[in-house]
Amino acid sequence: MSPLLPTLLQALPSYGASGPLPSVEITQVTADSRQVQPGALFVAVQGGAADGHRFIADAIRRGAAAVVGTDPLTPETTEVVTTSRAPYIRVADSRAALARLSAAFFNYPSRSMRVVGVTGTDGKTTTSNLIYHLLGAAGLHPGMISTVGARIGQEALDTGLHVTTPDAPDVQRYLAQMRDAGCQAAVLEATSHGLHQGRVAAVDFDVAVVTNITHEHLDYHGTWEAYLAAKALLFHSLAAAQPKPLAVTSDVSRFTFQADAQPKTAVLNADDASYPHLRAIPAGRILSYGLEDAAADLRATEIVYQAQRTTFVATTPAGPTRIELPLPGRFNVTNALAALAAGLALGLPLEPMAAALAVMPGVDGRMERIERGQDFVAMVDFAHTPISLQRALEAVRPMTRGRVIAVFGSAGLRDVQKRSLMAAASLRLADLTILTAEDPRVESLDTILAQMAEGAQQAGGVEGRTFWRIPDRTAAILAAVEMAQPGDVVIVCGKGHEESMCFGEIEHPWRDQPVLAWALERRLGQTDAAAPFWLPTSDPRITP
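Residues in the sequence shown are numbered from 1 upward in steps of one, following my numbering.
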């Protein structure tokens, strides 16, 4: 049964109404007037591109039973509201109201399970997947909402997400699906945009994890300090989250949460610049991890880096254990420590977690190898920031005695400063660098590439010898593959799991993996077909 409007509004700390509140059933909570169905509660939110208050009349015409907003009504909207008798409920913050109302509409699903939130600049998706894998190995039938998609157990949900935390109604709907499917735990990847815009504001978290906070999204947040403050919202939410004193049990579970052993826990990276600030935020418990800080609660020693895996000894509050991790690179050691800390915060036993990490499957678009029988390594990674690119290139260096060939771009309408920083990092750490398109949006791709080339030149690069500008991403990937010699590594960075590339305001179908596979097959004489995707920059000789 759908909740009645007066009951649903009890989720708000305060509000004012334009008239009597009818006891009507609310069929839906949404901030998108185009999705309004009869009986909906429409929440008018001020967005980056549009103000939802402009669409109140449209929402009412589509059948909205009531409207929530922050701004006073315009004369036109007042007439529509009066005629329809749909009350206008005014609040101080409609974004916060959207989150609270969405949670109440679905009967607060996060209170029925343990919830781990993961934020950071780099490594969020891999760390979220590691935690999800550990929860699944414990028999907890977990759910996950990440920037890649949403999952319940082994079932993938159709989310249509594109590199961001979904809106509050969708977050709560996915959590409700998880609760109804019997999930005992969930992992939620939280971006800085999602946190700043209140999309997870009404989720009752039990554990909050940060990977790192580095140079990214300053186009949106303005300063690193503002970016840090957005990430910190996840940790502030711990204190306000609903306590969960009851044990969660299941017939299929091999692990039972203890009734009195769930403090709200912050998992912090002791090696990161964010550590002093986040540590000062009150939490029931703090677990730190790191490779550099000797005082961290979880540390890694005896690290051995191999081409496709890493081994180390994890020192933890539950004792030491040897980890065999089928993921390469130093950054994946820190991701694994963060995941172990989250598991310990939930009371998972250490040795079964270590055994689970040994069979961790790969993550889509994260150091993903593409094999077509070639005599060199070819892979795709999501690295799209200066730090993540640096870490990816450092991770692949041990895989070869030959050369590292890097292909990447830098997105339009995003942080301009990182363009030269990424190019400079590649000139330091790769042998050959190819600069190409990566979601230029409405910016000039030539201008973006010129800014990257400037960074490459300042790092000592020589165009045509150590780095190249190839605007067409298909041609860039093909050039890298054709340059490769036996034993080299070709790594294509920046898109990872993504399935489109934006030119202008149009999202064109795109995935790096099939393009890299096609380039390998073309080099090996296995195909004479055109490339699988067309982009506005495409060379007609190699694309459909």
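The set of hints was computed from the structure by calculation and includes no laboratory data.
One or more hints might be untrue.
[Claimed, not checked] Listed next, with one range per pair, are the computed distances between beta-carbon atoms: (1) T315 / R397: 18 to 28 Å; (2) A17 / R62: 14 to 24 Å; (3) W534 / R401: 32 to 42 Å; (4) D528 / D271: 45 to 55 Å; (5) A226 / D271: 14 to 24 Å; (6) G402 / W534: 12 to 22 Å; (7) L4 / A273: 24 to 34 Å; (8) D528 / P320: 49 to 59 Å; (9) P544 / P13: 52 to 62 Å.
Just so you know, even glycine gets a beta-carbon here, dropped at the ideal spot from N, CA and C.
Now for the hints, and whether the structure bears them out:
1. A beta carbon spacing of about 26 Å between T315 and R397 agrees with the range 18 to 28 Å that was offered as a hint.
2. Range check, A17 to R62: about 21 Å between beta-carbon atoms, so the 14 to 24 Å window is met.
3. Hint check: W534 to R401, Cβ distance near 38 Å, so the stated range 32 to 42 Å holds.
4. One distance hint, 45 to 55 Å for the beta-carbon pair D528 and D271, holds here, with the actual separation near 50 Å.
5. The hinted range of 14 to 24 Å is satisfied by A226 and D271, whose Cβ atoms lie roughly 22 Å apart.
6. Between G402 and W534 the CB atoms are about 33 Å apart, so this pair departs from the stated range of 12 to 22 Å.
7. Hint check: L4 to A273, Cβ distance near 49 Å, so the stated range 24 to 34 Å is violated.
8. Range check, D528 to P320: Cβ separation about 55 Å, and the 49 to 59 Å hint holds.
9. Taking the beta carbon of each, P544 and P13 are about 55 Å apart, inside 52 to 62 Å as hinted.
The structure fails to meet hints 6 and 7 from the earlier list, while all remaining hints are met.
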